[in-house]
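K.L.:
Chains as they are written, first to last, in our numbering: chain R, 1 to 198; chain U, 1001 to 1198.
Hints may be right or wrong, so weigh each one.
[To be verified] No more than 20 Å apart at the CA atoms, straight line, and that leaves these computed lysine-lysine pairs for PhoX-like:
| id | chain 1 | residue 1 | chain 2 | residue 2 |
| --- | --- | --- | --- | --- |
| 1 | U | Lys1059 | U | Lys1124 |
| 2 | R | Lys10 | U | Lys1097 |
| 3 | U | Lys1010 | R | Lys97 |
| 4 | R | Lys97 | U | Lys1024 |
[Stated by the list, open to error] Some residues of chain R that are not near chain U, with every Cβ distance over 12 Å (derived):
| id | residue |
| --- | --- |
| 5 | Pro114 |
| 6 | Asp135 |
| 7 | Glu148 |
| 8 | Ser168 |
| 9 | Val174 |
| 10 | Pro175 |
| 11 | Ile183 |
| 12 | Glu193 |
For the record, the hints were derived by calculation from the structure and aren't laboratory data. Please read all numbers here as calculations on a predicted model, not as lab measurements. Glycine included, each C-beta is placed from N, C-alpha and C at the ideal position.
Number of protein chains: 2
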Amino acid sequence: MDYYGSQIGKLIEELSRLPGIGPKSAQRLAFHLINLPEEQVDHLANTMMNARHNVRYCKTCYTLTDQEECPVCRDMQRDHKTIMVVETTRDLAAYEKTGKFEGVYHVLHGAISPMLGIGPGDIKLKELMERLQGDVDEVIIATNSSLEGETTAMYISKLIKPTGIKVSRIASGVPVGGDLEYIDEVTLLRALEGRTQL
Amino acid sequence: MDYYGSQIGKLIEELSRLPGIGPKSAQRLAFHLINLPEEQVDHLANTMMNARHNVRYCKTCYTLTDQEECPVCRDMQRDHKTIMVVETTRDLAAYEKTGKFEGVYHVLHGAISPMLGIGPGDIKLKELMERLQGDVDEVIIATNSSLEGETTAMYISKLIKPTGIKVSRIASGVPVGGDLEYIDEVTLLRALEGRTQL
Chain R
1 MDYYGSQIGK LIEELSRLPG IGPKSAQRLA FHLINLPEEQ VDHLANTMMN ARHNVRYCKT
61 CYTLTDQEEC PVCRDMQRDH KTIMVVETTR DLAAYEKTGK FEGVYHVLHG AISPMLGIGP
121 GDIKLKELME RLQGDVDEVI IATNSSLEGE TTAMYISKLI KPTGIKVSRI ASGVPVGGDL
181 EYIDEVTLLR ALEGRTQL
Chain U
1001 MDYYGSQIGK LIEELSRLPG IGPKSAQRLA FHLINLPEEQ VDHLANTMMN ARHNVRYCKT
1061 CYTLTDQEEC PVCRDMQRDH KTIMVVETTR DLAAYEKTGK FEGVYHVLHG AISPMLGIGP
1121 GDIKLKELME RLQGDVDEVI IATNSSLEGE TTAMYISKLI KPTGIKVSRI ASGVPVGGDL
1181 EYIDEVTLLR ALEGRTQL
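For reference, chain R alone in the conformation it holds in the complex:
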């Protein structure tokens, strides 16, 4: 990429290392940045650095936040006795977008995966068990519907059951609007097993 001069070349190279950005998009992004007013580029760069420097785990639920405690945990209107366990902050965001969950969360930052050598000690599970010492009615396990997510869900439910706290798992099945024809067999079977009486 010598024809660009080394600074543009370096920028394209760095941008193309970001997830989902191929060489063509990196080039387009680089030229977009170079054509923006200088202040705008500085502003974006500073936003990136500030976000990275100031983001930490919420002291209660371990979601990523820029305060000591995240907005959900600080919200006294929410039901702090119902904890939904998710793998990542993005999963939390997905449920928050529904606007229908009134409880609070616990972010594991991963899932148990013997294949990848990720054990129960590598995710925020000890921290969840500590929270359950407090006043909790129900733990809803909303890990992914993958092998790792299911393993994690099983593991957590076994840990919690002896405490007497209610444990539940979100349903798997055919997505709303999904066309049966295009849905994989495992999901179809799961939907069948999880059928509810009408």
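Based on the hints, put chain U in the right spot on chain R.
P.N.:
Then chain U, alone, in the frame of chain R:
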């Protein structure tokens, strides 16, 4: 996006303003950045700012570069008497990737477009005419095969013809590997008009 805390929310918002990056990709990028080591985020941010601050036009061909003169113009091995006129630095890069063009370039930074109010004075045309005062054999017009690109090509060829310098236009036609069935009619007609004898 309150559930993220304002700094992550701001980052997602800024990233989603970049071209080709929708809200989902912006979210994925933001979390990727937040999970990177701090030095790497600082490095990317600084690369962006440095590229933006140090990039300028090549004093000869007006491509974007970080030196006074771009690597192509400084290369004494190249044929400085053959100038290819392109609309953008990315078009220059596309031809450089072929590795087959031995001449030099001139970057217009746009094309004439009466619709958008872009006239001959808004692109680097005066600068091209100044270069032609020197020792030039041929000007190859490689503006896009769009209405604006064609208008610009016509305009430039009319300006240059009186000087006696040879002017040519890159061919339009069916792309290599293109299936005739899926090619638009204008291109098909252009390919017919531009047929060469075998």
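K.L.:
If a hint holds in the structure, say so; if it does not, say that too.
P.N.:
Going down the list of hints, with the structure as the test:
1. For the hint pairing U/Lys1059 with U/Lys1124, the CA-to-CA distance comes to about 12 Å; that is within 20 Å, so the pair holds.
2. This hinted pair checks out: R/Lys10 and U/Lys1097 have alpha carbons roughly 17 Å apart, not beyond 20 Å.
3. Using a Cα cut-off of 20 Å, the hinted pair U/Lys1010 and R/Lys97 holds, with the two alpha carbons roughly 17 Å apart.
4. Between the alpha carbons of R/Lys97 and U/Lys1024 the distance comes to roughly 13 Å, so the proposed pair stays at or under 20 Å and holds.
5. Distance check for R/Pro114 against chain U: the nearest CB is about 23 Å away, which clears 12 Å, and the non-interface claim stands.
6. The claim that R/Asp135 lies off the interface holds: its Cβ sits roughly 23 Å from the closest Cβ of chain U, which is beyond the 12 Å cut-off.
7. Every beta carbon of chain U lies more than 12 Å from that of R/Glu148, the smallest distance being close to 18 Å; the non-interface claim holds.
8. No beta-carbon of chain U is positioned within 12 Å of the beta-carbon of R/Ser168; the least distance is around 22 Å.
9. Under the 12 Å C-beta cut-off, the non-interface status given to R/Val174 relative to chain U holds; the minimum distance is some 22 Å.
10. Annotated as non-interface, R/Pro175 keeps its C-beta farther than 12 Å from every C-beta of chain U; the closest such distance is 16 Å.
11. Remark: the non-interface label on R/Ile183 is consistent with the geometry, its nearest Cβ contact in chain U lying 22 Å away (cut-off 12 Å).
12. For R/Glu193, the non-interface assignment is confirmed: its Cβ lies about 30 Å from the closest Cβ of chain U, beyond the 12 Å cut-off.
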